[in-house]
Every structure is written in structure tokens, then in C-alpha cells.
Amino acid sequence: GPKVLQIPSHQIIDMGQMVTLNCDPVSNHLYFYWYKQILGQQMEFLVNFYNGKVMEKSKLFKDQFSVERPDGSYFTLKIQPTALEDSAVYFCASSTGASAETLYFGSGTRLTVL
Amino acid sequence: GEKVEQHESTLSVREGDSAVINCTYTDTASSYFPWYKQEAGKGLHFVIDIRSNVDRKQSQRLIVLLDKKAKRFSLHITATQPEDSAIYFCAASTAGNTRKLIFGLGTTLQVQP
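Heads up: the protein sequence lines correspond to chains B and C, in order. Each residue of the first sequence is one higher than the last, beginning at 1 in this note's numbering. Each residue of the second sequence is one higher than the last, beginning at 115 in this note's numbering.
Derived by calculation from the structure, the hints in this document are not laboratory data. Incorrect hints may have been included.
[Stated by the list, open to error] Okay, derived cross-link-like pairs now, DSSO-like style, lysine-lysine, Cα gap no bigger than 30 Å in a straight line:
| # | chain 1 | residue 1 | chain 2 | residue 2 |
| --- | --- | --- | --- | --- |
| 1 | C | K117 | B | K3 |
| 2 | B | K78 | B | K59 |
| 3 | C | K185 | C | K117 |
| 4 | C | K182 | B | K57 |
Turn these sequences into a full structure, and let the hints guide you.
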């Protein structure tokens, strides 16, 4: 099936540093998402992105978070500065568009903030 | 806020038996219910979904049932095989907003040969 690639699979950084998580979505998809999963907890919606804009975000999407997809390249999640509570697995997903479309997920990036 | 509860955290069955994973949801406006499978070290892989206009859907060995009155839906895997072993996640979202899925905690299914 369609594949979403996430790079890197694991990232370790010091608190206060900036981190960028990269996602290569399915090529003809138009909607992009980030979800966050803290160990032992449910996967939770962070943000969705369409046509260069954030369409919807949750309360977990703090001011330190930003997303972009410059010129159809990687869809990125940037955290600046990072905090200890940002340690989690971040999953990227994409879909073709309109509601009721299946989301295809990547394998996640495990972020560890020390 | 909206919640999805996945009732079985682990499930062990013998190869060839059926496995059933149950989920309940709180938001009565929920109308789209996908299921995902996650194998070790891999991402979430879409397996099947159901929308609120039907109460049953089948795809090969997978059957999804939806009981809107009870706000409950379930995944039935028939004739299980060892390769069905994985973590299964249920999710729900409201009409027109499938981009915001509410996930369950996951059920680890082990199929014993």
C-alpha cells in the first residue's frame, strides 16, 4: 500500500535545543498530519495541514511547534525550544483529501529530550 | 473530551481460532471508525474501516461490527494466522473530520501456532 516515510526513526537531543522531524508523505496526497504518542498512552492528534496552511490543531500543539512543507518537499514538524515533556513518538500521516479518506501513517520518530 | 476505549490490552488465541477486539466511544457524533495494525518496529497499517451508515463490513477474514446505540464497535479476525500477531488500534472521528482521529490504547494480539 501507500507508504509514508519518516526520518529519522530516533532522535535524542538536549532540552532547549531545536529539532526538526521529517516526513515524506504519499506522493499524490494533499492533507498531512502529525500525531503524538507518549509511552503507554493513546496516540493523540496534533495538527493537520493543507495547501500550505494549518487547518486544525489541538491543545497539544504548543507555540513552540510549527509545521511546513516548503515546495512539496518534506512535511516537517519543528519544535523550538524542546522541553522534557516533548519526549514521545511522533507519527506523520497523509491522505488524498476530503473527509472520510483513509489516513496512511509512517513508522514514527521516537524523540528523546534529555 | 471524546474518548475511545479499547477493552482488551492483550489477547492470545490459537492459530485458526477467531479473535475479537472491542472498542467503545463517547462522542455520539462519531461516524467513521478505522482500524490499524502495527507490527514490531513498523508504522500503523490501515486494515479496515466502517462508517455509521452500515452496521457490518467484511474484507476477507476481517469483519467490523458497529452498534451505534451502544456506541461500540468491534474487529473480528477469523481463521487467525501467526502473521496476524500485532498491535491493533481502533479509532473514531466525527463526520467531515476524519483528519482528527481519536485512538484507543491498542490491543496486542498473539496468535499461537
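Do the hints match the structure? See the list:
1. Simply put, K117 of chain C and K3 of chain B have alpha-carbon atoms about 28 Å apart, close enough for the 30 Å limit, and the pair holds.
2. For a cut-off of 30 Å, the pair hint linking K78 of chain B to K59 of chain B stands: about 16 Å separates their Cα positions.
3. In summary, the hint linking K185 of chain C to K117 of chain C is supported, as the alpha carbons are separated by about 11 Å, within the 30 Å threshold.
4. The hinted pair formed by K182 of chain C and K57 of chain B meets the criterion: a straight-line CA distance of about 28 Å does not exceed 30 Å.
No hint from the list above goes unmet by this structure.
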